[in-house]
Amino acid sequence: MAKSDVKLIGAWASPFVMRPRIALNIKSVEYEFLEEILGSKSQLLLESNPVHKKIPVLIHGGKPICESLVIVEYIDEVWSPGPAILPSDPHDRALARFWAAYLDEKWFPAMRNIVTAKDEEARKALMDQVGEGLVLLEGAFSKCSKGKGFFGGDQIGYLDIAFGSFLGWLRALEKMNGVKLMDETKTPGLLKWADSFSSHPAVKDVFPETEKLVEFAKVLAKFKATLPK
Amino acid sequence: MEEVKLLGARPSPFSYRVIWALKLKGVCYEFVEENLSNKSAWLLQYNPVHKKIPVLIHGGKPIAESTIILEYIEETWPQNPLLPEDPYERAMARFWIKFGEDKNPTFFAFFQTVGEEQEKAAKESKELLGIIEELGLGDKKFFGGDKVGLTDVAFGWIAGWLQPMEEAVGVKLLEPGSFPRLHLWTQNFKEVAVIKENLPDYDEMLAYFKSLRQMFMALAKS
Chain A
1 MAKSDVKLIG AWASPFVMRP RIALNIKSVE YEFLEEILGS KSQLLLESNP
51 VHKKIPVLIH GGKPICESLV IVEYIDEVWS PGPAILPSDP HDRALARFWA
101 AYLDEKWFPA MRNIVTAKDE EARKALMDQV GEGLVLLEGA FSKCSKGKGF
151 FGGDQIGYLD IAFGSFLGWL RALEKMNGVK LMDETKTPGL LKWADSFSSH
201 PAVKDVFPET EKLVEFAKVL AKFKATLPK
Chain B
1 MEEVKLLGAR PSPFSYRVIW ALKLKGVCYE FVEENLSNKS AWLLQYNPVH
51 KKIPVLIHGG KPIAESTIIL EYIEETWPQN PLLPEDPYER AMARFWIKFG
101 EDKNPTFFAF FQTVGEEQEK AAKESKELLG IIEELGLGDK KFFGGDKVGL
151 TDVAFGWIAG WLQPMEEAVG VKLLEPGSFP RLHLWTQNFK EVAVIKENLP
201 DYDEMLAYFK SLRQMFMALA KS
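First to last, the protein sequences are chains A and B. Residue numbers for the first sequence, in UniProt numbering: 1 to 229. Residue numbers for the second sequence, in UniProt numbering: 1 to 222.
If you're looking for bench data, these hints aren't it; they were derived computationally from the structure. Treat the hints with care, since some could be wrong.
Said to hold, decoys possible - Straight line, CA to CA, 27 Å or less: simulated BS3-like cross-link-like pairs of lysine-lysine:
#1 A/224 <-> B/103
#2 A/106 <-> B/61
#3 B/51 <-> B/39
#4 B/98 <-> A/54
#5 A/106 <-> B/120
#6 A/53 <-> B/140
#7 A/63 <-> A/41
#8 A/54 <-> B/123
#9 A/143 <-> B/52
#10 B/196 <-> B/103
#11 A/143 <-> A/186
Next up, chain B with everything else stripped away, as it sits in the complex:
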C-alpha cells in the first residue's frame, strides 16, 4: 500500500475537496499543513509551476490542481464511485466542475472589491448561482444524483464557505427564497457524514474572512 500525503492549508476549500474525496473513498492519508506565507521546500519541489496547495503525493509522485487530484483519486481508488458510469453523464459532471473553476474569479471579485465593482460582481455571482441551480443541479438531490459525486465535492465551497464570506462582506448572495433548490443542496451536502465531520469551524472561518475583507478594503482605499 503506497503512502498518500496531502499538502494543504486550512481553511482552503481547495484542500477540503481532496480531503472529502479521500475520506469518501476510505483512503488513509497524512495531512501536511502548509504555511502559505512561508512555503515549504516540499511544496516548491512538488508544485514548481504554480507553488500552490493542494498537492497530493502518492507513492512519492505529486499531483497538483484540486480538480485534477479529484479525477486521480476517482481513477486510483474505484470503490464508492464519484463519477457516473455513463460517458454522457460523466461529461456533464466534468462540464459543471469546469464551469465552477472558470467562474471562481467572479466570486473572488465579490469578496475582494468594493463599491461599484463589488456591486457588479455580486450581481454576476447571483446570475451564476442561478445557472448552477437551474441547469447544473436541476431537481436532483445532489449534482451526482442520489448520492454525492465529484461535482458536489467541487461545489462544496458554496455549502461551507459562501456563508461566512457573505457575512464578512455584508451582502447575501445565496438567499433561500431566490435559490431554494441550491439552498436545500447546501443543507443536504453538509448532512453527509464525511462532509459533516470535515468542515472548518464556522467562527474560525468568519474571523478569517473578516480580517481578509478588511485587508481588501484597505487596499481598495489606497
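Okay, chain A solo, but in the shape it has when bound:
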C-alpha cells in the first residue's frame, strides 16, 4: 500500500493520536503523519472531521475515520492478516473495550483535571481517584494478561494501546506534582508493564519524553489562558 494512501492527522503530544500510530506500527503500515499546530486547525482537519474538529483522523484512500479507538478497530480489521490487535474471544474483546471505556470516560478526565484543580483539596481528591483507578487497572491487568507481559498476552493489544497512550502524561504529572501514582506496593504489575510497553518496538518511537511533556504542559497552560472564557 503506497504511503500516500494512508495519512494520519495528529500531534506528537496527544495520547489519542498515539493510539492509531501504535496500531499502524503493529501492522507495519507506512503512513504520512500530518502534524497539527497548537492554536490552529488545518483545513484538512476541519473537512475530515466536521463533527468534532479533533485529532486524530485517519485518512485511508481519501476516506476519513475519526475517534481514536474506532480508528484502532478499523486498522485491526483492514490490515488483517497482521498481528491481531483485538483479542479473538468475544468475552475478552468485551473486557478490553470495557476497560478502554473506563479509561476514557472516568480515569483520564480525573487525571487531566488535576492540572486545573482549583485548590490543594480538589487536587488531592483527583489524585486519589486516579490512584484508586490504577488499583482497579492492576486487577484488570492480572485478569487480562493471564500471567503474560501485556494486557493482550504475549503481544501488545487494544487495551495496552488504550492505556499505554496515557503513560507519558501520567509520568509528566507525577514529575510536576512530585508524587508517585504508579508504585511497587499498589501496582507492581502495571509498573513492570509500563516499562515493557514504552520500550516496545511499535511504541518507542511515538512515546513522548516526560521532560518534553512537562515543557509542553506549560505552553498549553499559557495558550489556554489566552482563550476566551
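Could you slot chain B onto chain A? The hints should help.
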C-alpha cells in the same frame, strides 16, 4: 447452548438496547429485573466497577456497558448481522454510536435542569439532533441502511423515550418540521416488528418522567 441472562430495569432505554439486539438475533434469554434503589448482590458482583444495568451474563461471564454488550451480541451470534461487513462502514457505525454516548449528558441536562441552564441544554440538544440527522442518518431509511443496525438500536431512545421526556418537561426538541428525516426514522424504527413488540407503555413512561421531572425541579429550587 449456554445460558443468557440480562440484568436490567424497565424503563431504562439502555436495557432495551440489549433486549432489541437479542430479539433481532432470535437469542433466548432470561430477563432479571433490578430494583435500582436496592441493587442486588448479583449486580454488585457482576458489575463492581459501575454497579449499573444492563449487564449481560452469558455462560456465567458478565459483560457490562450497553454499547459494549451490543458488540458482544453481534460477535457471538452472527445471524442477522447488525453491523456492515465493510470496515469503513463499520467505523462509521461505531463513530455514531460513540457520538450518541458522548452527548448523553446534554440530553440529561435538558431533562434535569431548569431556567437558563435548561434553555441552553435545549438549544444544544436541538443542534445535536441536527448533526445526527444531517451527518449520521442523511437520506437513509435507517442508520444501518435498508435495515436496522446497531446504530439504530443505540439511538432507539430518541424514538421511544424522547417524546415522553419532552412532554414531561414541556419543551419540544424533535419537531417534525425541523427534523423531517429524523422524525420519519423514529416512525420507521417503531414499525420494526421486534421494536414494536418491545417498547415500554407510553403512559407509564410519561408518568415516570413526570415524577422524575418534579423531583429535579424541586432539587433545583432548594
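Each hint tested on the structure:
With a C-alpha separation of about 24 Å, the suggested pairing of residue 224 of chain A with residue 103 of chain B holds against the 27 Å cut-off. A C-alpha spacing of about 23 Å is found between residue 106 of chain A and residue 61 of chain B, which places the hinted pair at or below 27 Å, so the restraint holds. A threshold of 27 Å between alpha carbons decides the hint, and for residue 51 of chain B with residue 39 of chain B the separation of about 8 Å falls inside it, so the pair holds. Restraint check: the Cα-Cα separation between residue 98 of chain B and residue 54 of chain A comes to about 14 Å, which is no more than 27 Å; the hinted pair holds.
For the proposed pair residue 106 of chain A and residue 120 of chain B, the alpha carbon gap of about 25 Å is at most 27 Å, so the pair holds. About 24 Å separates the Cα atoms of residue 53 of chain A and residue 140 of chain B, which keeps this hinted pair within 27 Å; it holds. A distance of roughly 19 Å separates the Cα atoms of residue 63 of chain A and residue 41 of chain A; the hinted pair therefore holds under the 27 Å criterion. Restraint check for residue 54 of chain A and residue 123 of chain B: the C-alpha separation of about 22 Å stays at or below 27 Å, so the hint holds.
Between residue 143 of chain A and residue 52 of chain B, the direct Cα distance comes to roughly 21 Å. Compliance with the 27 Å bound is thereby established for this hinted pair. A C-alpha spacing of about 26 Å is found between residue 196 of chain B and residue 103 of chain B, which places the hinted pair at or below 27 Å, so the restraint holds. For the proposed pair residue 143 of chain A and residue 186 of chain A, the alpha carbon gap of about 16 Å is at most 27 Å, so the pair holds.
Checked against the numbered hints listed earlier, the structure breaks none of them; every hint is satisfied.
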